[in-house]
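K.L.:
These protein sequence lines are chains A and B, in that order.
Residue numbers for the first sequence follow the numbering used here, beginning at 1 and rising by one.
Residue numbers for the second sequence follow the numbering used here, beginning at 1 and rising by one.
Copies of the same chain are indistinguishable here, so a pair counts whether it falls within one copy or spans any two.
Below are the DSBU-like pairs computed for lysine-lysine, each with C-alpha atoms no more than 30 angstroms apart in a straight line:
1) Lys23 x Lys83
2) Lys236 x Lys159
3) Lys18 x Lys83
4) Lys83 x Lys345
5) Lys236 x Lys61
6) Lys237 x Lys159
7) Lys61 x Lys345
Rather than coming from a laboratory, the hints here were simulated on the basis of the structure.
Number of protein chains: 2
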Amino acid sequence: MRLTPAGELARRISALQKLLQQKGVDGALIMDPADLFYFAGTGQRGHLFIPAGGRPLLMVKKSFIRARDESALEDIVPLANVKYLDKMLNEYGYQNLTTLGLELDVLPAALYLLLQRLFPGAQPVDISSLIRTVRMVKSTYELEVIRDAAQLNYIMYSKAREYIKEGISELELAGQLEMVYRLAGHSGTVRMRGFDQEVYYGHILSGSSGGIPSCMESATGGMGVSVSFPQGAGFKKIARNEPVVIDYAGVIDGYMVDQTRVYCIGQLPDKLVRAHEAALRIQEAVKQLAVPGALCEDIYRQAVHLAAASGFGEHFMGYSEPVPFIGHGIGIELNEWPVLAPGFKTPLEKDMVIALEPKFIFPEGVVGVENTCVVGEKGLETLTLFDENIIYLK
Amino acid sequence: MRLTPAGELARRISALQKLLQQKGVDGALIMDPADLFYFAGTGQRGHLFIPAGGRPLLMVKKSFIRARDESALEDIVPLANVKYLDKMLNEYGYQNLTTLGLELDVLPAALYLLLQRLFPGAQPVDISSLIRTVRMVKSTYELEVIRDAAQLNYIMYSKAREYIKEGISELELAGQLEMVYRLAGHSGTVRMRGFDQEVYYGHILSGSSGGIPSCMESATGGMGVSVSFPQGAGFKKIARNEPVVIDYAGVIDGYMVDQTRVYCIGQLPDKLVRAHEAALRIQEAVKQLAVPGALCEDIYRQAVHLAAASGFGEHFMGYSEPVPFIGHGIGIELNEWPVLAPGFKTPLEKDMVIALEPKFIFPEGVVGVENTCVVGEKGLETLTLFDENIIYLK
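Bound conformation, chain A alone (with noise of 0.2 angstroms):
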């Protein structure tokens, strides 16, 4: 089990601050589990203001013991109430803010209104952006908990060869690869960001389940097991001659990968094994147009008309319902930034890490590939290991 190294979370935090400064921000409240891991180094339940410049102060609701053992942070206090956060910055000498920085997009606005009572001299602004914009760009140590998370997806997808099996459902295999997770250490859980972005694994979806629509901004969801969660691994059984695709996240430490891999007892029908080399030909030229300095809009376009090209088109990315991306930053959350896609002008960065996943889909079944991948000098470096051919089983 790690703990994120003093020196690491001193360098995200110099880094929010910088663009506080920027932005003539005062200070930021961070509220999020998955932000407070990320500058505090504990899953405990809190909050930590950041000041623009000087030392953070980490204020533990619980539990305060463990955020203690947990985080490398200096200044670490209890908080009983979320309602004494002014009293305990003014005690800290954290006084007179102008502006207070939140995480507007997802902090509840219940919270967002009492902390304008708490502080009513202070502009609310939303610095999620630039929460997400520090954490785009991974270190060496996280890319090194991310490899570790493509290890396991690497044990998992191995397994994976001899659990799928003619006449065992979706469930069946989705059991037997989640105690692989688990018992090599992963937590069960997988972060997204926003509230009504809910996910477990990842999906499994044997044949027609690949062609049901998802109600996430993914290309696939598969039909779950309940119209209350409807998505993932189902109760069809798995056929000969179809797509078995994996498309699950291995997460280790905190840190997570993304993968696709397609599976089929028998043989594919043409059409798909032509879509399936279709997708890994657009994954070898994105990896090389991704370079430092190019701009994700203009990726996407490219992937865009080479899936036009292939003559698959209308299937890329979605049937009834398509999705406009064809990757996604990934790491402590599954849909980090940058987003290839349109209207994401921004320029790839050396270390930003991204989950790639050109796929093509028909009512029959899903082909394609998913890799998570870090941006290097010459393009994208895949970090996710495993044969990214059709895997055919007997």
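Once you've looked at the hints, dock chain B against the given chain A.
P.N.:
Just chain B, lined up with the frame of chain A:
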């Protein structure tokens, strides 16, 4: 896979409309996934407008096709972007709103601010308490689904007898029990209300793991596998003569039960045995007290009094950082209303469903019991099944 019947949705909507009328709120905009599932019967992403009087309108972001199949509501339309919400409501005759009910406890601030711009004439009103009030009392239909979840947990607790072995890790046990859940149709997700509330299936706590303080508003938490998500099963190996506690939530068709049982390979120390018996006695007393009309906080106080009288008072519901409750409402979310806690003056009503969990926490482990119960005329009726005594294994 159940679909919520049309009559059930109509009953729920009508109950909320009555409260909206009482509070003088023109209409409610439901955006939270759990509330949306409750009032619209779908897990697809979208927004539901419930006017104080008249027909609700379900506006679906994704997937519109699936939402039409899942929801028994009559008026279902696609909505490309939340910024067209005002135009859509206008089109359906919902104009000139002077008040707008919102789920301010979970709605992100950015969305709240957007809605204020879209509906400048409408005063936002927090209706989360109205929604939680409606959801508190369960219907015959809901109780039927919850009984199915109880059956699922019975299977899981029965299997645990076979799987608990000296020397295996908590995580190995978790992997096996979670596979049992998955094969029986558990979606893998356990919903909790609140943006910093995260949970997986629950907690497996062997011996000293039970004494570790929790990041959650729960008596126990466990170590977990990472500081990113510091709860639940960890790498600790199960030993002889210590309590092995399984506190897991079984979910079927979106409804759950919460339950805790204590196993032991060998024999527990006498102190823990006596504390377990005290917990069972407190449970029985509370079951008698919890009749319709009884106040939640009075029941809590009685339980604390009984715990003190048992001689184990300082170990009741946590040790170093105890929690101030002995039971919580449950249904679609793990933390529903009512809560058997100080300050909770709600009188109990027939058909409320409550997870009652008197527990004693010692540095060397946890004992006690948790059952999901329904309020009947004569007190609590236990819905969850399985032997409540310490289950001794060889």
